[in-house]
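**Student:** What follows is the residue order along each chain.
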Amino acid sequence: MNLFADAIAWIFSPARLSGALPLPEAIWTHLAFTFAAVLIASAIAIPTGWAIGHTGRGRELAVALSGAARAVPSFGLVLLLVLVVGVTHKIAASTTAFVLLAIPPILAGAYAGVEAVERRVVDGARSVGMTPWQVLFKAEVPLGLPLLIGGLRSATLQVVATVTLAGYVGNWGLGFYIVQGIQIRDFTQILGAALVIVALAVVLDALFAVLQRVVVPRGVTAGRTPDDAPSRRRRRRAPEPTTA
Amino acid sequence: MTWVSNNLDLIGRLSVEHLRQSALPIVLGLLVAIPAGWLAFRFRLTRGLVLTVVGLLYTIPSLALFALLPPVLGISFLSEVNLIVALTIYAVAIMTRFVADALASVDPTVRQAALAVGYGPWRRFWQVDLPLAGPVVLAGLRVTAVSTISLATVGILIGIDNLGYLFTNGYQRQIVGEILAGVIAVVVIALVVDGLLVLVGRVLMPWSRRVRA
Numbered sequence: 015m016n017l018f019a020d021a022i023a024w025i026f027s028p029a030r031l032s033g034a035l036p037l038p039e040a041i042w043t044h045l046a047f048t049f050a051a052v053l054i055a056s057a058i059a060i061p062t063g064w065a066i067g068h069t070g071r072g073r074e075l076a077v078a079l080s081g082a083a084r085a086v087p088s089f090g091l092v093l094l095l096v097l098v099v100g101v102t103h104k105i106a107a108s109t110t111a112f113v114l115l116a117i118p119p120i121l122a123g124a125y126a127g128v129e130a131v132e133r134r135v136v137d138g139a140r141s142v143g144m145t146p147w148q149v150l151f152k153a154e155v156p157l158g159l160p161l162l163i164g165g166l167r168s169a170t171l172q173v174v175a176t177v178t179l180a181g182y183v184g185n186w187g188l189g190f191y192i193v194q195g196i197q198i199r200d201f202t203q204i205l206g207a208a209l210v211i212v213a214l215a216v217v218l219d220a221l222f223a224v225l226q227r228v229v230v231p232r233g234v235t236a237g238r239t240p241d242d243a244p245s246r247r248r249r250r251r252a253p254e255p256t257t258a
Numbered sequence: 011m012t013w014v015s016n017n018l019d020l021i022g023r024l025s026v027e028h029l030r031q032s033a034l035p036i037v038l039g040l041l042v043a044i045p046a047g048w049l050a051f052r053f054r055l056t057r058g059l060v061l062t063v064v065g066l067l068y069t070i071p072s073l074a075l076f077a078l079l080p081p082v083l084g085i086s087f088l089s090e091v092n093l094i095v096a097l098t099i100y101a102v103a104i105m106t107r108f109v110a111d112a113l114a115s116v117d118p119t120v121r122q123a124a125l126a127v128g129y130g131p132w133r134r135f136w137q138v139d140l141p142l143a144g145p146v147v148l149a150g151l152r153v154t155a156v157s158t159i160s161l162a163t164v165g166i167l168i169g170i171d172n173l174g175y176l177f178t179n180g181y182q183r184q185i186v187g188e189i190l191a192g193v194i195a196v197v198v199i200a201l202v203v204d205g206l207l208v209l210v211g212r213v214l215m216p217w218s219r220r221v222r223a
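Those protein sequences? They're chains A and B, same order as listed. Add 14 to the 1-based position in the first sequence for this note's numbering, that's all there is to it. Add 10 to the 1-based position in the second sequence for this note's numbering, that's all there is to it.
Derived from the structure by calculation, the hints contain no laboratory data. Source: prediction; values computed, not measured. There may be inaccurate statements among the hints.
Interface residues of chain A toward chain B, partial, derived using beta-carbon atoms under 10 Å [stated by the list, open to error]:
hint	residue
1	Ala21
2	Ala23
3	Arg84
4	Phe89
5	Val177
6	Ile204
Quick list of simulated restraints, FRET-style, between CB atoms [as the list claims (entries may be wrong)]:
hint	chain 1	residue 1	chain 2	residue 2	range
7	A	Arg199	B	Val210	39 to 45 Å
8	A	Pro36	B	Ser218	54 to 60 Å
9	A	Gln148	B	Trp136	49 to 55 Å
10	B	Val37	A	Val228	36 to 42 Å
11	B	Arg30	A	Arg140	53 to 59 Å
12	B	Asp171	A	Arg140	56 to 62 Å
13	A	Val228	B	Ser86	43 to 49 Å
14	A	Val135	B	Ser86	55 to 61 Å
15	A	Met144	B	Val127	49 to 55 Å
16	A	Ser141	B	Ser218	33 to 39 Å
17	A	Ala106	B	Gly169	25 to 31 Å
Now the stretches of chain B that chain A is said to cover, found in silico as 3 or more residues with beta-carbon under 8 Å [to be verified]:
hint	segment
18	67–75
19	122–132
20	151–162
21	179–187
Note that beta-carbon positions come from the ideal geometry of N, C-alpha and C, so glycine has one too.
Given these sequences and hints, build the entire structure.
**Tutor:** Encoded structure:
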């Protein structure tokens, strides 16, 4: 376990505050890439997903897309885009790759959430005089939020992992320490950086887990008796995300 | 695209390597996930435990997992064993959830009927629960197979040659066609394996037409 002690010493060493890539800066850029990509992907995927869930149109396409996306190797996509867009635009090219990888899980979460709302709830909302927009934003969207947050959660983890791999193309993010560590055979640095990455991923995942509980509309939990709970069979889940 | 036609044998060789490295984790993932998924389905206490562990493993980014396994298991960092163990961990993480959900999707009245006609717990699991859970297990296996094949490319970062070699080599030599060929080869292999699993499912479980992944 000496290796882990060394790795932790590496993380907290004063040397991490200076040098070519200070650790706080690496953490910050890692997070900045992740949030930027998830935000841009959300701006595209959430409205599209809601439209698909609300109208039912384009559903097959969205299912096929999120299924096929799982087969695309994220590392290859990053390198491909960097080479195609140009090595001088690494940041823009990498971010595009992260956005492309984040879109399918968010899209799936958005449409699955809206789609999973029971038909009689939608009919009820309409029968009390709601316009189609009100049905969407007052019934379907709030009830679908937990699945949407689930999609955002998968997308975030996927991007955190892919930003790590992008350490191969530039000296940014926490992955760079690992790629550099492999080149110079510095296993303490590799393990130290890995521990920081795991901590980052676990903290982000935990935040989303809390958020997923918080966004359940109060009326849904308050009014639910054990008999009301949807049977496991009918409960839908957002499709599983890809790993990177 | 001249690069592709000049290097078909390389692509072929790497594809075979790639399939070989992916196959073991997929099979092991299924084998470990059946008991783990059963534990998560059967007892309330183990459910929380198993699903938490599996969820945590799933959050670990691949490159970080490669770094964590060697000191824990005493294996070499730059080795194929490291890649295969890491891929197996992800496969188990994905499959366990699916197996637990699959077992929960079996109608409880069927289970009670099996009990009533005299099935013991062991025979009931293999002859009633598992076959009926089959379609959902298959959906999980398809997700696992596709993600494992796509993820295996990361192995090149720890020096393991497979289709990921085309990514780093193409990047260093600035050959777009080479990286593109690698991406397409991975996607094609993943989709072919996915299609084969669907076919196997039709043969083994003729009673189920389709379950969405």
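**Student:** Does each hint fit the structure? Answer for all of them.
**Tutor:** Taking the hints in turn, this is what the structure says about them:
For alanine 21 (chain A), the shortest C-beta to C-beta distance to chain B is roughly 8 Å, which falls under 10 Å, so the interface hint holds. With its C-beta approaching chain B no nearer than about 14 Å, alanine 23 (chain A) sits outside the 10 Å limit, and its interface hint is violated. For arginine 84 (chain A), the suggested interface contact is upheld, since its CB lies about 5 Å from the closest CB of chain B, less than 10 Å. For phenylalanine 89 (chain A), the suggested interface contact is upheld, since its CB lies about 6 Å from the closest CB of chain B, less than 10 Å.
Hint status for valine 177 (chain A) relative to chain B: holds, with the closest Cβ pair at about 9 Å, below 10 Å. Interface hint at isoleucine 204 (chain A): satisfied, since its Cβ lies 5 Å from the closest Cβ of chain B, which is below the 10 Å cut-off. Against the hinted window of 39 to 45 Å, the Cβ-Cβ separation of arginine 199 (chain A) and valine 210 (chain B) comes to about 44 Å, which satisfies the hint. Our hint of 54 to 60 Å for proline 36 (chain A) and serine 218 (chain B) holds, since their Cβ atoms are close to 56 Å apart.
Distance hint for glutamine 148 (chain A) and tryptophan 136 (chain B): a CB-CB separation of about 52 Å, consistent with the stated range 49 to 55 Å. Distance hint check for valine 37 (chain B) and valine 228 (chain A): the Cβ-Cβ separation is about 40 Å, which falls inside the suggested range of 36 to 42 Å. At about 56 Å, the beta-carbon gap between arginine 30 (chain B) and arginine 140 (chain A) stays in the expected band of 53 to 59 Å. The beta-carbon spacing between aspartate 171 (chain B) and arginine 140 (chain A), approximately 59 Å, falls within the hinted interval of 56 to 62 Å.
Between valine 228 (chain A) and serine 86 (chain B), the C-beta spacing of about 44 Å keeps the proposed range 43 to 49 Å intact. Look at valine 135 (chain A) against serine 86 (chain B): about 56 Å separates their beta carbons, and that is inside 55 to 61 Å. Look at methionine 144 (chain A) against valine 127 (chain B): about 51 Å separates their beta carbons, and that is inside 49 to 55 Å. Distance hint check for serine 141 (chain A) and serine 218 (chain B): the Cβ-Cβ separation is about 37 Å, which falls inside the suggested range of 33 to 39 Å.
For alanine 106 (chain A) and glycine 169 (chain B), the hinted distance range of 25 to 31 Å is satisfied, since their beta carbons lie about 30 Å from each other. For the segment 67–75 of chain B, the proposed coverage by chain A is satisfied: 8 residues have a C-beta within less than 8 Å of a C-beta in that chain, meeting the threshold of three. With 0 residues bearing a CB less than 8 Å from a CB of chain A, the segment 122–132 of chain B misses the requirement of three and the coverage assertion fails. Only when three residues or more bring their CB closer than 8 Å to a CB of chain A does the claim for the segment 151–162 of chain B stand; here the count is 6, and the claim holds.
Residues of the segment 179–187 of chain B with a Cβ under 8 Å from some Cβ of chain A number 4, which satisfies the need for three, so the listed coverage holds.
Checked against the numbered hints listed earlier, the structure breaks hints 2, 19; every other hint is satisfied.
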